[in-house]
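**Q** Note that the protein sequences, when read in sequence, are chains A and B. Okay, so the first sequence: first residue is 141 according to the numbering used here, each after it adds one. Okay, so the second sequence: first residue is 867 according to the numbering used here, each after it adds one.
Hints were generated in silico from the structure; no laboratory data involved. Be aware that one or more of the hints could be misleading.
[To be verified] To be clear about the criterion: a stretch of chain B counts as covered by chain A if any three or more of its residues have a C-beta under 8 Å from a C-beta of chain A, and this derived list gives those stretches:
1) 894-907
2) 910-919
3) 956-968
[Claimed, not checked] Residues of chain A clear of chain B, computed beta-carbon distances all greater than 10 Å:
4) 148
5) 156
6) 205
On a predicted model such as this, the values are computed, not experimentally measured, just so you know. Backbone N, C-alpha and C fix where the C-beta goes; we use that ideal spot for every residue, glycine too.
Residues per chain are reported as follows:
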Amino acid sequence: KAGVTQTPRYLIKTRGQQVTLSCSPISGHRSVSWYQQTPGQGLQFLFEYFSETQRNKGNFPGRFSGRQFSNSRSEMNVSTLELGDSALYLCASSILGGHTDTQYFGPGTRLTVL
Amino acid sequence: KQEVTQIPAALSVPEGENLVLNCSFTDSAIYNLQWFRQDPGKGLTSLLLIQSSQREQTSGRLNASLDKSSGRSTLYIAASQPGDSATYLCAVPFSNTGKLIFGQGTTLQVKP
Numbered sequence: 141k142a143g144v145t146q147t148p149r150y151l152i153k154t155r156g157q158q159v160t161l162s163c164s165p166i167s168g169h170r171s172v173s174w175y176q177q178t179p180g181q182g183l184q185f186l187f188e189y190f191s192e193t194q195r196n197k198g199n200f201p202g203r204f205s206g207r208q209f210s211n212s213r214s215e216m217n218v219s220t221l222e223l224g225d226s227a228l229y230l231c232a233s234s235i236l237g238g239h240t241d242t243q244y245f246g247p248g249t250r251l252t253v254l
Numbered sequence: 867k868q869e870v871t872q873i874p875a876a877l878s879v880p881e882g883e884n885l886v887l888n889c890s891f892t893d894s895a896i897y898n899l900q901w902f903r904q905d906p907g908k909g910l911t912s913l914l915l916i917q918s919s920q921r922e923q924t925s926g927r928l929n930a931s932l933d934k935s936s937g938r939s940t941l942y943i944a945a946s947q948p949g950d951s952a953t954y955l956c957a958v959p960f961s962n963t964g965k966l967i968f969g970q971g972t973t974l975q976v977k978p
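Taking the hints into account, I'd like the entire structure generated from these sequences.
**A** Pasting the structure below:
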């Protein structure tokens with residue numbers, strides 16, 4: 141069974157631009173979560189989607205948004221990029237989400253903001 | 867507020883040694899605890915998930931234990947190999963949601 145895939149793997153943007161990241165979950169998984177990883181803050185939760193609905197949201201500004209499609213694929217969008225948005229963005233999928241499932245992570249998208 | 871701590875931040879051992887990585891959490895009312903491995907610049911690989919009703923989980927040379935009452939989990943790696951070199955992270959769900967709260971990780975180096 142194919143794992144979680146994320147595209148693109150690397151991105152370089154400049155301040156003020158916007159970016160869209162994509163995540164395809166494991167087949168049969170309906171929950172997708174997004175995390176930001178930085179050396180200073182570690183892994184921080186952005187949001188979780190289940191059946192096209194945002195179920196949980198972390199403490200990030202409104203510039204960070206996401207959505208989920210009917211095939212469970214998810215996209216994350218960051219508008220008006222800031223230097224501090226440079227990070228590894230990871231998505232994770234699980235069968236039903238929530239607190240009981242094992243979460244499986246993708247390889248991440250490395251975003252660099254110049 | 868749930869906080870997850872991993873000490874030490876870094877660990878270096880010679881090949882073949884058995885070792886223990888530590889994870890502590892402040893709120894003992896957890897549903898489960900998950901251990902992950904992360905290689906440099908890569909995503910996270912799930913190693914073990916221990917449900918709150920369990921005390922141990924084993925996978926190959928890895929054994930994870932959970933003591934909710936003391937707010938601690940340990941990951942035991944037997945007969946360490948250079949290929950075990952990576953950062954190991956533990957995480958617990960926030961309340962009954964899918965949001966994971968991670969520790970800062972322990973970076974392990976196994977020297978040949």
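**Q** All hints are to be evaluated individually against the structure, with a verdict given for each.
**A** Structure-based check of each hint:
no. : hint    : result
1   : 894-907 : holds (count 5)
2   : 910-919 : holds (count 5)
3   : 956-968 : holds (count 11)
4   : 148     : 14 Å, holds
5   : 156     : 26 Å, holds
6   : 205     : 17 Å, holds
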